[in-house]
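S.K.: Sequence:
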Amino acid sequence: MRGTFLVSQAVLKGMIERRVGRIVCISSISAQRGAAPSPRSPTALPKEASSASPGSGREVGEHGVTVNCVAPGPIDTDIMGGTLTEERKSEMSQGIMMGRVGTREEVAALMSFLLGADAGYITAATYDINGGLQVS
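For the sequence shown, the residue numbers in numbering that gives the first Met the number 0 are 0 to 135.
None of these hints come from the bench; they were simulated from the model.
Given the structure is predicted, the values throughout are model-derived calculations rather than measurements.
Glycine is no exception: its CB is placed at the ideal position from the N, C-alpha and C atoms.
Some clues are possibly wrong.
What the hints assert, rightly or not - Computed Cβ-Cβ distance ranges for the label pairs, DEER-style: (1) 16 with 98: 44 to 50 Å; (2) 89 with 61: 47 to 53 Å; (3) 103 with 58: 20 to 26 Å.
Work out the full structure: start from the sequences and follow the hints.
M.R.: Shown next as structure tokens:
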């Protein structure tokens with residue numbers, strides 16, 4: 000969370016001067032659901048990232064800067080404990096409405112949209128990208 004704050008502070012002045020900017024934080028489904036504590040996936044950090052978006056968006060919105068958060072669920076990356084085997088993906092997919100884990104490309108597409116010109120009226124929100132896991 001400290002890194003997100005420091006980078007945001009470093010770029011905000013220029014964004015405010017230009018009256019345009021996009022900040023997208025990365026959280027996790029753990030922020031909504033909670034998770035077993037682990038050195039690789041501490042739950043408090045995603046919760047802080049998710050809760051920072053509304054306040055930060057309020058502070059800088061009048062300057063044309065948007066602040067949003069992306070909260071991925073199970074995504075096929077090394078952070079999930081190494082490369083996921085097909086068996087592990089199948090196990091993880093049991094509670095996901097879409098029946099599979101997500102991909103890095105799907106998360107990148109959402110972030111790319113939120114960072115683009117078409118997202119100029121979207122701010123102070125957290126976007127779940129988890130195949131419906133949050134409601135299953």
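S.K.: All hints, please: hold or fail.
M.R.: Status of the hints after comparison with the structure:
About 47 Å separates the C-beta atoms of residue 16 and residue 98, a value consistent with the hinted range of 44 to 50 Å. Separation of residue 89 from residue 61 is about 48 Å and conforms to the stated range, judged on CB atoms against 47 to 53 Å. For residue 103 and residue 58, the hinted distance range of 20 to 26 Å is not satisfied, since their beta carbons lie about 31 Å from each other.
The structure is inconsistent with hint 3 alone, although it conforms to all the rest.
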